[in-house]
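Could you build the full structure based on these sequences and the hints that come with them?
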Amino acid sequence: MLTTGKALTRRHAVAVLTATLLTAGLAACGNSDTGDKPADDGKLTLGFSQVGAESGWRTANTNSIKEAAAAAGIELKFDDAQQKQENQIKAIRNYIQQKVDVIAFSPVVESGWDTVLKEAKDAGIPVILTDRAVDSQDKTLYKTFIGSDFVKEGKLSGEWLVNESKSATGTVNIVELQGTTGSAPANDRKKGFAAAIAANPNLKVIASQTGDFTRAGGKAVMEQFLKAHPKIDVLFAHNDDMGLGALEAITAAGKVPGKDIKIITIDAVKDGMQALADGKFNFIAECSPLLGPQLMELVKKVKAGETVPARIETQETTFTPEQAKAALPTRKY
Amino acid sequence: MSALKNHRLFWPVLVLVALLTANAIYRPSFLAVQMRDGHLYGSVIDIVRLSAPLILVALGMTLVIATGGIDLSVGSICAISGAVACFYISQQPDQNSLASVLTALVLGLGLALVLGAWNGVLVAIIGIQPIIATLILMVAGRGLAQLITEGQIITINSSPYKTIGVGHLLTLPFAIFVALAVTVLLAALTRRTALGMIIESVGGNAEASRLAGIRSRRIIFLAYVISAVCAAIAGFMLTANVSSADGNSAGLWIELDAILAVVIGGTSLAGGRFFFSGTILGALIIQTLTTTVYAMDISPQTSLLFKAVVVIAVCLIQAPAFRDKFTRRKPTAVSQKEQVPA
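If you're matching them up, the sequences are chains A and B in order. With the first sequence counted from 1, adding 2 to any position gets you this note's numbering. With the second sequence counted from 1, adding 226 to any position gets you this note's numbering.
Errors might be hidden in some of the hints.
Said to hold, decoys possible - In silico lysine-lysine, DSBU-like type, Cα no more than 30 angstroms apart, as pairs: (1) A:K154 - A:K68; (2) A:K192 - B:K533; (3) A:K261 - A:K272; (4) A:K168 - A:K193; (5) A:K206 - B:K533; (6) B:K533 - A:K193; (7) A:K86 - A:K141; (8) A:K154 - A:K192; (9) B:K533 - A:K233; (10) A:K193 - A:K261; (11) A:K305 - A:K327; (12) A:K303 - A:K334.
No lab work stands behind these hints, which were simulated from the structure alone.
Here it is, written out as structure tokens:
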């Protein structure tokens, strides 16, 4: 019984192995055909390696890319790297072997990409970075980088405030809820905001602390800000979630969010847009995950050999309460 | 004075008082407590409320550590139970119905029992090292929590559920009464029966205890189940605090804070004797430290260093060997052989 079992397993193993080899061989042949004559079926193939699925924002990003690929008639090979660089490198090597037309990915970390990007370049496959950048010295390793401009988001928030407090005579006290310490969005949004409000000396950031991009963090920090500073006029939160957490702290302190304390946030996720439409927030600068359609345009251009700018910004906008009310019914994330 | 100084809780209490004093000097209104909307309001009240989840998790951790183990999965269990409860409530037509909130709590607690039993089986029955066994759920559990929330943040609007995190009873935060109730229950369970002694005996030497007639495996198994249940209640508080379940960040790294609280409280990581009162004090110190960072607006770049320095100071000051170097007193054996209050 035992021996039969063993024999069976071994035979199985051989069968599986043969099948794998055969499929791989066939796949290789198939791919080399399309590789030689890419216009065979006229369909472009895009290999995309996503960071993971860590947030609602990321999920919306993934869905946008999948939907846009289907709409543009591009064949998408999708891989979820689950926050691991080795998985992404593996996926990119797979795409190179499969001879896809274009490779795109959201790098999980900034460094360590040179080798695998060189392999892609040698294989003649153009690479597009989405949402996050790499720190390679050699800029020819990738065609372009499409993603949000975090500095600009901070700047737009600051500019709205400058415009809003034009008539203010006294000092306007601002408290800031920063994102995760050291992360690019936190650094850049802080920088952009500070640059914009420098235009009006009345605008003063009296306290700035990290809330780790979470609701719980935003709430805990805001509770102490409210107790330490009796006069807070404006809250600037680096994302919606921290702002939503702070809302509860402000209400608990007996103040009216949106009136006693004006609230500016960044992202424009659904819950944040709802708060804006309800008048609890005053302004949101969008950080859009919906870069799918733009990416597909780029894929086509890059494949056709057209030159594209080295840096492309995601199409983003800003929202006031009225605009939020109008946009909310069709909001995807 | 000397007897007071030799008390096990003397140094942790001193640290807590020092932290509060530093805050009061920096901003005198820190200690001020006022009535607002029929309940007490102030930074100290915040500390008490926010430390409730950590106290719960740390109490469970104390029992696990007493058996000579460690439970790294408590943060994930917080996230999972909070996510299950919020998901269930979000699916109800009337989110304010008390019945559906209670059902949600039962669901969350039930799942925590299963997860605790899983840890218990891995450690006590199969014999995997606790740090590895619970690491499995620490990593996989976050994924499970995100699976439940589908990677999104579930926002709910349920006032009964919210009460667990931000409600008030007799002008004080409701959460602290929950923590108090669990403390009393656990203290009664371990100190009014032989269970506490049996746990300490298992932690001291599991094999010797078994030979003496104690079912060591059953005791170890029980410790992980209790720890998971405590974590689940903490998970309810954390999610109720912000009326939303975030599988990614709820209870993140709380296991490390809990272990720290246990150690500050004087329970040895090697197992054996355990002290609930010390653990609670440890949890209060950690929460005070976090709140201090916000209240003094210590810059985020240096706050971790600030916390580390305070924690090192607390640990060193508690070590008799270290203190003796400075006081040049003869090391006495008394400090290590005190009687154990509940």
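Hint compliance check: list the failing hint numbers for this structure, sorted ascending.
11
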